[in-house]
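Take the given structure of chain A and dock chain B to it, following the hints.
Residues per chain, in single letters:
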Amino acid sequence: MIYNLKNLRFAYSNVKRNILDNVSLTLDEGEILSILGPNGAGKSTLLNCMAGLLKPNEGEIFLCGEKMSSMTFREIAQKVSYVQQNHNPVFSYPVLHYVTMGRAPQIGLFRKPSAKDEQAAWDALAILGITHLAYKPYTEISGGERQQATIARAIVLEPKAILFDEPTAHLDYGNQLRVLKVIKDMANRGFSVVMTTHNPDHALLLGGTVAILDREGHLETGSYKEIITEERLQGLYKAKIRLLAVPESTRLTCVPPEL
Amino acid sequence: MRLRLGQTAIVEKRHTRRWPINILLFIALLLCMVWSMCVGKYPISPKESLLIIYNQIFGLSGPYEPIAVSVVMGLRLPRILAAVIIGAALSISGATYQGIFKNPLVSPDFLGVSAGACIGAAIAILLALSSVYIQLFAFLGGLLAVGITVTIPRLIRSDSNIILVLSGIIVGGFMASIFGFIKYIADPETQLASIVYWQMGSLSYVKLSSILGVLAPIIVSALVLLAMSWWIDIISLGEKEAQTLGANVRRILYIAILCSTLLTASSVCLAGTIGWIGLVIPHFARMMVGTENTKLLPAAALVGAIFLLMVDTLGRTIGTAELPLSILTGIIGAPFYAWLLYKQRMKLQ
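As you go down the protein sequences, you meet chains A and B in turn.
Going letter by letter, the first sequence gives residues 1 to 259 in this note's numbering.
Going letter by letter, the second sequence gives residues 1001 to 1349 in this note's numbering.
Possibly wrong hints are sitting among the right ones.
Unchecked claim - Chain B regions said to be covered by chain A (calculated; three or more residues, Cβ under 8 Å): (1) 1099-1110; (2) 1189-1196; (3) 1199-1212; (4) 1225-1238.
What the hints assert, rightly or not - Rough simulated footprint, nothing fancy, chain B against chain A, three-plus residues with beta-carbon under 8 Å: (5) 90-99; (6) 103-110; (7) 236-249.
I should point out that these hints are in silico values taken from the structure, not numbers from a laboratory.
Note that beta-carbon positions come from the ideal geometry of N, C-alpha and C, so glycine has one too.
Isolated chain A, as found in the complex (with noise of 0.2 Å):
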């Protein structure tokens, strides 16, 4: 098992209500989980605590069977990968260079990348099929390019779990399905993946286990196909959706009301 989240309870200190309420989920090797969620639901926040960067104020999250709360970053960045949202970085560095620094957790302070290290993220970008990426500045390529990018410097030490948050988000469709398509080809590669999305289509397409976060913090999750029903969506998102088979496809799709 690679996560063990046990009762986890989380509120920011300026804030009364729980973002998180007894919060329990389990994660194993090349599980994918997606989590549901209204904005403001706290799904980030809940990231943040699988990530170590916000302790939980109450309940205990196991790393590996490591309680993380003994963890430094460095262990933590040794076995999780992080992508996170609104990514704008300052200067633009080469892809190349920033899909290294995915390294970072195995590089002391005072070196450099060594040329193991380089290998290795050339190998990661040709995994990502954005080899010729590798020297462009990573300010000036395409959202959906960036979005391979950030993939790459995540799976560069190939941690055990990678958490994405809404990974989806900014990119036109085809950007998005190319995206859901590497987070699956990397479940598949056994990397455990963690995902937020406002779109409950793409956990259908992902399959899997499905958590949905509730406003009062409360976490339910399952397979998939018991979470996702017509009545969870219709009170998750207080709208008419309908969960409706394609004839053409094997898969439920969602569909929303007429306006």
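Just chain B, lined up with the frame of chain A:
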């Protein structure tokens, strides 16, 4: 299933052909040093000046006029060395500040570090303390100034680039007032002149002994920053992201701030405040070698050394009287920065 990235190559690394730019810059610096050694009111041939230095180092006597020896050893050599050291120190310091504050608009001047170091030095002069204390006070003054400058944005919970710059202006303005007050109470007979000298910035009176005094802190700080330059890139991604890459953000920030402040303060001790270099040179070097601090820091050091040496040499040769350094750095630095801004078309939030 493990991928074993980097162990069995999936693709061949592709190398872009790179000019050995640092070697070229180093050769350019050496040529500039020889040029600067030769020009001035008392022209000396390159061969002669080099032979004088060689003979002096190895204690040989040569067939040279004493005046040539004293011009080379007493005036030009210390001045050239100081220009090279200060130009390099201020550029590394500026590039580091820009990286760790992820803000291409800051520099030792804009963060108030130079002004703070200047006040520290002035207080030490007021108290008639020795040169070691002048150095220490300059360092503490610079540290205090950068401390206040980075605290103001934290107090108002802002992460914006502009707020950090405004905060630097606030601190700079405050420091200017304190400095005015120090000049007001200083003894005009004995202290005022040396305090004003510190504020103006000049390489005219640098002695070899004072260079030796600041050499150790400058070399150590520069080497530490060069060694951790790759981590400055990581810090420049922002605190949260750096943490998810396993960085001990606070430790790296403290070390980087200490070292770059020490560089600035040591420069101030040697020759007073010299503006523009810490701001402009990192930008210029970025255009030459790219944004990665691993390449930027050494290149910026070399470019900064060349720039200050050329400006100082011009200052003492183009007119009949010597032009103060601050006038030339401003006249060259300010329009140059405007041009760089235009070239880079910086996107600032």
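Three residues minimum, CB to CB under 8 Å: does the region 236-249 of chain A make the cut for coverage by chain B? Let me know. violated (count 0)
Chain B over the region 103-110 of chain A, status - at least 3 residues with CB closer than 8 Å: It holds: at least three residues are needed, and the region 103-110 of chain A offers 5 whose Cβ sits within less than 8 Å of chain B.
The region 1189-1196 of chain B covered by chain A? Criterion: 3 or more residues, Cβ-Cβ distance below 8 Å. n = 0 at 8 Å, threshold three: violated.
Between the region 1225-1238 of chain B and chain A, see if three or more residues pass the 8 Å beta-carbon test, and mark the coverage as holds or violated. holds (count 10)
Assertion that chain A covers the region 1099-1110 of chain B - criterion: three or more residues, beta-carbon distance below 8 Å: holds (count 4)
Report holds or violated for chain B covering the region 90-99 of chain A, Cβ cut-off 8 Å, minimum 3 residues. Satisfied; 6 residues make the cut.
Are there at least three residues in the region 1199-1212 of chain B whose beta carbon sits under 8 Å from a beta carbon of chain A? violated (count 0)
In this structure, the hints that do not hold are numbers 2, 3 and 7, in rising order.
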